[in-house]
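Trainee: Add chain B to chain A, keeping to what the hints say.
Order-wise, the sequence lines are chains A and B. Numbering (full-length UniProt numbering) for the first sequence: 1 to 143. Numbering (full-length UniProt numbering) for the second sequence: 1 to 143.
Don't take every hint at face value.
Straight-line Cα separation of at most 20 Å, SDA-like style, residue types lysine to any residue; simulated pairs [claimed, not checked]:
hint : chain 1 : residue 1 : chain 2 : residue 2
1    : B       : Lys3      : A       : Glu33
2    : A       : Lys139    : B       : Asp108
3    : A       : Lys5      : B       : Lys135
4    : B       : Lys136    : A       : Tyr72
5    : B       : Lys128    : A       : Gln73
6    : B       : Lys135    : A       : Lys113
7    : A       : Lys31     : A       : Arg82
8    : A       : Lys113    : A       : Glu96
9    : B       : Lys3      : A       : Asn32
10   : A       : Lys136    : B       : Ser143
11   : B       : Lys3      : A       : Gln73
12   : A       : Lys3      : B       : Asp108
I should point out that these hints are in silico values taken from the structure, not numbers from a laboratory.
Protein chains: 2
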Amino acid sequence: MAKQKIAITTDCVVFYKASSEKLKILLVERKNEPFKNDWALPGGFLEDEEPLEEGAKRELKEETGLQIFEVYQLRAFGNPGRDPRGRTISIAFWGEVFSEEKVEGSDDAKDAKWFDLENLPELAFDHKQIIEFAKKVYKSEKS
Amino acid sequence: MAKQKIAITTDCVVFYKASSEKLKILLVERKNEPFKNDWALPGGFLEDEEPLEEGAKRELKEETGLQIFEVYQLRAFGNPGRDPRGRTISIAFWGEVFSEEKVEGSDDAKDAKWFDLENLPELAFDHKQIIEFAKKVYKSEKS
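Just chain A, same shape as in the assembly (with noise of 0.2 Å):
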């Protein structure tokens, strides 16, 4: 096997329609660097055996409480340099909530909140570009 110095995060945008205009997700607040302090998708490190989609939606647990039962891939990004730490390819995921459940930020995040999707914090590693993503996939499977 190629001995690789590349890392393998899952990350999730849950999405709440809370009207017709309207369309929040989940953040969660950092508590530790890099971007500590920024708001970033629920995510972190796969474990070795576990399916990518478990490892979505266990990290969205961890994170914010949120216990979401289906998610669905959008796609890797691993764009070198997305993660000031080494290489880090991160496997998205999207998911849907109908309600604006109550939210937690807990294990490596400080807070977790929604947010409206057209008014977003300034977001840690490519998240935005992934959060960009998911919208069109979202909005392309509602239509």
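Mentor: Same frame as chain A, but now just chain B:
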């Protein structure tokens, strides 16, 4: 950074539309274990600092001689157990050529050949599943 035992590969499904009825794809015959002598998508291990799509194009060139300039990501295929050597996640791409380009097996490939998509040989790893997914994406892009 997490210490993971997960390797990253890229694979590429190259389509050639031979007629309005017939799609072909490019496969390679594996020179090495696992799945030695079986047919598979051109692909292999990503280099540490290599963008994902560059990995897909490099492996395609190395194994078949075919150089293509644009590849499009399908998604990651990463079920534990898909590779008998250990956990491997493949980021899969698709591309297209507009004539039945001459190809030749080299590097890790003993042979390279165009196959009718509706008449494929036994395939290594989960490449049958990757091809099924690619076929849907290709057909929806072209419809």
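Trainee: Decide, hint by hint, whether the structure agrees.
Mentor: Right, here's what the structure says about each hint:
no.	hint	in the structure
1	B:Lys3 to A:Glu33	holds (17 Å)
2	A:Lys139 to B:Asp108	violated (42 Å)
3	A:Lys5 to B:Lys135	violated (32 Å)
4	B:Lys136 to A:Tyr72	holds (16 Å)
5	B:Lys128 to A:Gln73	holds (19 Å)
6	B:Lys135 to A:Lys113	violated (39 Å)
7	A:Lys31 to A:Arg82	holds (19 Å)
8	A:Lys113 to A:Glu96	holds (15 Å)
9	B:Lys3 to A:Asn32	holds (18 Å)
10	A:Lys136 to B:Ser143	holds (19 Å)
11	B:Lys3 to A:Gln73	violated (24 Å)
12	A:Lys3 to B:Asp108	holds (17 Å)
Hint check: violations occur at hints 2, 3, 6, 11; the rest are consistent with the structure.
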